[in-house]
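Novice: Here is what each chain is made of, one letter per residue.
Number of protein chains: 2
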Amino acid sequence: MSPSAALERIRVVLSHPSHPGNIGAAARAMKTMGLKRLYLVNPKSFPDPQAVAMATGADDDVLAAATVCSTLTEALSGTVAATALTGRRRELATEPAWAREAAAELVAAAGAGEVALVFGNEKTGLSNEEVAQCRHWALIPTSDQYRSLNLAQAVQILCYELRLAAVDVGAPPKVSDGGTPASHEEVEALIRHLERAAVGSAFLDPAQPKRLMLRMRRLFARARLEKEEVNILRGMLSSFEK
Amino acid sequence: MSPSAALERIRVVLSHPSHPGNIGAAARAMKTMGLKRLYLVNPKSFPDPQAVAMATGADDDVLAAATVCSTLTEALSGTVAATALTGRRRELATEPAWAREAAAELVAAAGAGEVALVFGNEKTGLSNEEVAQCRHWALIPTSDQYRSLNLAQAVQILCYELRLAAVDVGAPPKVSDGGTPASHEEVEALIRHLERAAVGSAFLDPAQPKRLMLRMRRLFARARLEKEEVNILRGMLSSFEK
Chain S
1 MSPSAALERI RVVLSHPSHP GNIGAAARAM KTMGLKRLYL VNPKSFPDPQ AVAMATGADD
61 DVLAAATVCS TLTEALSGTV AATALTGRRR ELATEPAWAR EAAAELVAAA GAGEVALVFG
121 NEKTGLSNEE VAQCRHWALI PTSDQYRSLN LAQAVQILCY ELRLAAVDVG APPKVSDGGT
181 PASHEEVEAL IRHLERAAVG SAFLDPAQPK RLMLRMRRLF ARARLEKEEV NILRGMLSSF
241 EK
Chain A
1 MSPSAALERI RVVLSHPSHP GNIGAAARAM KTMGLKRLYL VNPKSFPDPQ AVAMATGADD
61 DVLAAATVCS TLTEALSGTV AATALTGRRR ELATEPAWAR EAAAELVAAA GAGEVALVFG
121 NEKTGLSNEE VAQCRHWALI PTSDQYRSLN LAQAVQILCY ELRLAAVDVG APPKVSDGGT
181 PASHEEVEAL IRHLERAAVG SAFLDPAQPK RLMLRMRRLF ARARLEKEEV NILRGMLSSF
241 EK
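Sequence order for the protein chains is S and A.
First residue of the first sequence? That's 1 in my numbering, and the numbers climb one at a time after it.
First residue of the second sequence? That's 1 in my numbering, and the numbers climb one at a time after it.
Hints are computed from structural coordinates only; laboratory data are not their basis.
One or more of the hints may lead you astray.
When chains are identical, the list treats them as one kind, so a pair holds in a single copy or across two.
[Said to hold, decoys possible] Once the Cα atoms are required to be at most 30 Å apart in a straight line, the calculated BS3-like pairs of lysine-lysine come out as:
| # | residue 1 | residue 2 |
| --- | --- | --- |
| 1 | 242 | 36 |
| 2 | 210 | 123 |
| 3 | 123 | 36 |
| 4 | 227 | 210 |
| 5 | 174 | 123 |
| 6 | 123 | 227 |
| 7 | 242 | 174 |
| 8 | 44 | 210 |
| 9 | 36 | 210 |
| 10 | 210 | 242 |
| 11 | 174 | 227 |
| 12 | 227 | 36 |
| 13 | 227 | 242 |
| 14 | 227 | 44 |
| 15 | 123 | 242 |
| 16 | 36 | 174 |
Put together the whole structure using the sequences plus the hints.
Specialist: Structure (structure tokens):
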């Protein structure tokens, strides 16, 4: 199954969301991570201009395509797995997993059919009846001092983890063409030139050159000098030597 | 260095943020992950009631303690490392790393002193002068179709990754006391009882019992039956046999 196909089988279900702004922000969060299927169970206010405003570029697709249901049972109908976010509620059917592991499990389950990621109301979470329907649980690690994540933020974190679980992101895209690495001889010549210039200016004691040059070697090694850079440095040294 | 001490050495710097709501949401995001040091470079509107509203429980500490600066140079003064978030800008001093790796590197750098995580304006990002000052870059992996993360959402994702890099979260907290696992003999007795009941009700052909019981064994293995559950199932079977 292609990574994007797996992500498209995941329903993000917001149950009884109070704030339409959170709905819009959640839609945007989903779109940035390649998810598309937004389900709203008995939202307090929807459609709503605040949802559109917060959805930004996701307003005409993810938000517009949101499915509104009366109950969680409706929203989960047709799924083969459902994971809900918990804030350390007791008496869940199964032990919660951290968000990263839960996301990986949900993506794996999406190989077999539609799956759901469920979030409860901003203040009250999921009702007891809803809790009873959820078979798997995810927990986002937070500070002990303050655990209250905004609903859309929790959606963003889980969608981010779902994407990373589904897609091999590879190496980050390069932002520059990259210079040509300086050759070994070019760097050695620079080091000799630097030593010569430092002795010539009386900065370096010719009887004790080694320690300073060793420190310079460390710097040059870490810097991964490029040809052009070596040329610039040697040009500067030559000008200082005059 | 303790994990929380490392997180407290990280300055979250928002440069020229346009929307005070994002400032508040960023403060909340920071607090959920144990970060405390918010720096604002030339914010468009601050203080602002929208920032307080979005900060929720972070309004009286993280938000109230925010340091306002005129320039990025001021905000970075005293740091030994600064990583900025990029949206695929070209011509950066170094190649960007994915958020997870960049967070790990920044936490490691926090061992040596104060460090900064820099975010630019919601629409325009960082100015050229600001880009020139940042030595390391982070990129959040997103869908190719839509890359535009809300500023506070980007802050949330990075703070989440910083926390995971700094703190050993261990196993998720258990939510139930856990039942006692059924013993091997108890499960075998259940399987025999089930077979007997299924034969007695003519569901199972006594000449060919094996395939069905194998499927039941798979189910029971996966379920990790507990003593109490075995008792309930055997009681039900007994009632069916009458």
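Novice: All hints, please: hold or fail.
Specialist: We went through each hint and held it up to the structure:
For a Cα distance limit of 30 Å, the shortest separation of residue 242 from residue 36 qualifies neither inside one copy, at 67 Å, nor across copies, at 52 Å. Proximity of residue 210 and residue 123 under a CA criterion of 30 Å is satisfied in neither setting, with 66 Å inside one chain copy and 51 Å between copies. Proximity of residue 123 to residue 36 under the C-alpha cut-off of 30 Å is found in both arrangements, the shortest distances being 25 Å within a copy and 24 Å between copies. Only within a single protomer do residue 227 and residue 210 lie at most 30 Å apart by alpha-carbon distance; the minimum there is 24 Å, versus 74 Å between protomers.
Only between protomers do residue 174 and residue 123 lie at most 30 Å apart by alpha-carbon distance; the minimum there is 22 Å, versus 43 Å within a single protomer. Proximity of residue 123 to residue 227 under the C-alpha cut-off of 30 Å is found in neither arrangement, the shortest distances being 59 Å within a copy and 37 Å between copies. Neither within a single protomer nor between protomers do residue 242 and residue 174 lie at most 30 Å apart by alpha-carbon distance, with minima of 40 Å and 73 Å respectively. Proximity of residue 44 and residue 210 under a CA criterion of 30 Å is satisfied in neither setting, with 74 Å inside one chain copy and 53 Å between copies.
Neither within a single protomer nor between protomers do residue 36 and residue 210 lie at most 30 Å apart by alpha-carbon distance, with minima of 62 Å and 45 Å respectively. Taking the shortest alpha-carbon separations for residue 210 and residue 242, only the intra-copy value of 24 Å comes in at or below 30 Å, while the best inter-copy value is 95 Å. For a Cα distance limit of 30 Å, the shortest separation of residue 174 from residue 227 inside one copy, 19 Å, qualifies, whereas the shortest one across copies, 57 Å, does not. Taking the closest pair of Cα atoms, residue 227 and residue 36 never come within 30 Å of each other, the shortest separation being 48 Å inside a single copy and 43 Å across copies.
With identical chains, the CA atoms of residue 227 and residue 242 are at most 30 Å apart within one copy only, with a shortest distance of 23 Å there and 90 Å across copies. Taking the shortest Cα distances, residue 227 and residue 44 never come within 30 Å of each other, neither inside one copy (63 Å) nor across copies (43 Å). Taking the closest pair of Cα atoms, residue 123 and residue 242 never come within 30 Å of each other, the shortest separation being 73 Å inside a single copy and 49 Å across copies. Proximity of residue 36 to residue 174 under the C-alpha cut-off of 30 Å is restricted to the intra-copy arrangement: shortest distance 28 Å within a copy versus 32 Å between copies.
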